[in-house]
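Please construct the entire structure, taking both the sequences and the accompanying hints into account.
Protein chains in written order, with the working numbering: chain A, 1 to 226; chain B, 1 to 146; chain C, 1 to 151.
Among these hints, one or two may not hold up.
Stated by the list, open to error - Just the calculated beta-carbon pair ranges, DEER-fashion: (1) C:29 x B:68: 24 to 30 Å; (2) A:89 x C:45: 46 to 52 Å; (3) B:84 x C:29: 41 to 47 Å; (4) C:29 x A:43: 30 to 36 Å; (5) C:85 x A:89: 40 to 46 Å; (6) A:195 x C:139: 46 to 52 Å; (7) A:184 x B:46: 50 to 56 Å.
In short, the hints are calculated from the structure, not lab data.
We treat Cβ as the ideally placed atom computed from N, Cα and C, and that holds for glycine.
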Amino acid sequence: MDVNRRQYFFLRFLTILIGSLLLNSIAQAGLKFETTRLELKPPMGALHADYMFSFRNSSDQKITVQDVVSSCGCTTAELGKRVYQPGEVGELKGRFTFEGRTGFQQKKITLKTDDPKQPEILLAFQLDIPKVVEVSPIFLYWKLDGNAEWKQAHLKLAEGITSDIPQATFDQEAIELEVKTVKPGQEYELKLKPTDLSRKRMLSIKLSLPLSTGNYKEVLVYVAVK
Amino acid sequence: MTIRGILHELLRWMMALLFITAGAIKAWQPEAFWQDVQSYRLLPEVLELAVVWYLPYLEIVCGVLLLPKRFRLEAALTLLGLMLIFMLALGISWARGLDITCGCFGGSGSANYPLLIFRDVLIAAAILRLISGCPKSVKANERKHA
Amino acid sequence: MWRLNEFSLQRLSVILLVPALLAAVSAGWHPATLHSSEWDVTVSQIAEEKQVLWLDVRSEADYVAGHVEDAFWFNPEEWDVQLPMLLQLWQPDNLVVVYCSSNKCQTSLEVARRLRMEVGLERVFYLKGGWEELVHSNERYGIEIHAEVKR
Chain A
1 MDVNRRQYFF LRFLTILIGS LLLNSIAQAG LKFETTRLEL KPPMGALHAD
51 YMFSFRNSSD QKITVQDVVS SCGCTTAELG KRVYQPGEVG ELKGRFTFEG
101 RTGFQQKKIT LKTDDPKQPE ILLAFQLDIP KVVEVSPIFL YWKLDGNAEW
151 KQAHLKLAEG ITSDIPQATF DQEAIELEVK TVKPGQEYEL KLKPTDLSRK
201 RMLSIKLSLP LSTGNYKEVL VYVAVK
Chain B
1 MTIRGILHEL LRWMMALLFI TAGAIKAWQP EAFWQDVQSY RLLPEVLELA
51 VVWYLPYLEI VCGVLLLPKR FRLEAALTLL GLMLIFMLAL GISWARGLDI
101 TCGCFGGSGS ANYPLLIFRD VLIAAAILRL ISGCPKSVKA NERKHA
Chain C
1 MWRLNEFSLQ RLSVILLVPA LLAAVSAGWH PATLHSSEWD VTVSQIAEEK
51 QVLWLDVRSE ADYVAGHVED AFWFNPEEWD VQLPMLLQLW QPDNLVVVYC
101 SSNKCQTSLE VARRLRMEVG LERVFYLKGG WEELVHSNER YGIEIHAEVK
151 R
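Structure follows, in structure tokens:
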């Protein structure tokens with residue numbers, strides 16, 4: 001075989017190989033999801049958030065979803081069916097129940113399939129559960145045998161929600177506490193200090209806020225002598 | 001144009017598309033690319049950041065410059081150099097037993113080193129083929145303008 | 001076969017310089033996207049610390065298989081339950097180091113942020129490289145790990 005023919009065959013071989021590699025990387029997805037990460041935005045006061053992941057079987061084989069596992073018992077995940085023919089679309093739906101959680105949350109769902117190219121698919125959603133009440137900081141400490149200085153924690157309610165002055169439940173022999181109003185119904189300041197700094201302690205103050213929504217919100221502030 | 005010429009053009013366009021796409025994805029998500037670079041544990045942080053910012057644009061520019069005749073050879077040579085560096089990095093990671101994929105979100109399984117290296121060898125072979133196809137026209141042009 | 005002459009070198013310079021300019025513009029467009037050293041620590045930095053409170057935020061199965069000696073397994077999904085336990089353990093001199101599996105895992109950074117911003121703990125960082133980095137360099141820096149399977 002002369003040099004030119006060898007080069008020609010090599011070029012043809014290379015082009016086909018690279019082309020199939022490119023095509024393969026596009027086509028190999030199997031179950032192709034519109035997105036594998038969702039940002040949820042529940043309204044203020046919501047007790048749960050619903051999510052949905054849409055996907056399509058973009059391979060040329062039937063794919064069976066063998067299992068759907070969520071990272072937390074607080075998250076449900078349901079598929080309409082388990083077997084998806086080539087080209088078929090599907091939806092994974094579920095609900096994340098807050099169960100008192102607030103702030104940034106991130107949950108994962110794992111799909112296990114019989115597709116050897118994609119045996120596991122990781123999905124996730126995240127959301128910021130709006131805090132009805134924000135206390136900052138929620139942990140205050142004093143040094144053992146240190147100065148019994150007053151320290152503050154700031155309590156602020158979310159917009160649109162108000163509360164009367166919070167009721168505090170705590171060990172009154174161990175902690176001195178004053179609650180001041182900064183902005184009526186909206187912001188309060190807690191001034192506190194332990195009464196005894198001569199021994200290590202871990203205490204908490206339970207604040208109950210009667211909200212304008214008609215229910216109570218409880219928040220814990222942790223106090224320590226270390 | 002002969003069939004050989006058509007195949008050569010096709011290969012050139014595919015390589016250009018490959019590197020432009022690869023570079024664009026990295027440029028679009030520098031945080032994700034930084035995590036990939038960090039997982040190789042080859043460079044100090046300053047150099048890692050330099051690679052994260054520079055490499056995607058180098059790939060894009062070289063991919064684009066594969067297309068016009070004027071810069072073709074130099075672009076192909078640069079890409080060949082890049083591929084050799086990638087293969088070296090993969091080889092070092094493989095030898096060190098590093099798992100360069102995580103699977104926390106979106107990924108799954110460990111790095112398949114033989115497949116990754118084979119893929120890079122293939123791409124390097126394609127670039128070499130493009131380089132061997134370059135000089136005749138470029139050298140003639142240079143002689144003309146010299 | 002081919003020789004690099006002055007035309008080639010000029011073109012090569014263009015090829016190498018143009019991406020640098022583009023990168024500089026892009027870096028200016030995304031300021032401070034990547035650098036997060038106010039939140040991370042490396043294994044070598046921890047080696048100098050005397051009082052480290054390790055938080056392992058990986059799965060329970062991973063924790064059981066191997067973890068830093070005395071690390072506290074912290075499940076961020078049970079934040080309200082686990083936080084008081086963590087606060088019980090915490091001491092004012094502690095450097096709190098949160099680790100998950102590797103750099104690609106975001107959980108450790110998120111937990112570190114919450115502990116600093118919401119709880120008010122100072123000196124809380126996430127470990128750069130995570131567990132993956134620890135098993136590779138723990139012996140060098142004298143960090144004890146309890147591992148059933150060491151890589």
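Cross-check of the supplied hints:
1. C:29 x B:68: 24 to 30 Å: Roughly 27 Å apart at Cβ, these two residues keep to the hinted range, so it holds.
2. A:89 x C:45: 46 to 52 Å: 49 Å, holds
3. B:84 x C:29: 41 to 47 Å: 31 Å, violated
4. C:29 x A:43: 30 to 36 Å: This hint holds: roughly 34 Å between Cβ atoms.
5. C:85 x A:89: 40 to 46 Å: 45 Å, holds
6. A:195 x C:139: 46 to 52 Å: 48 Å, holds
7. A:184 x B:46: 50 to 56 Å: Distance hint for residue 184 (chain A), residue 46 (chain B) holds at roughly 53 Å.
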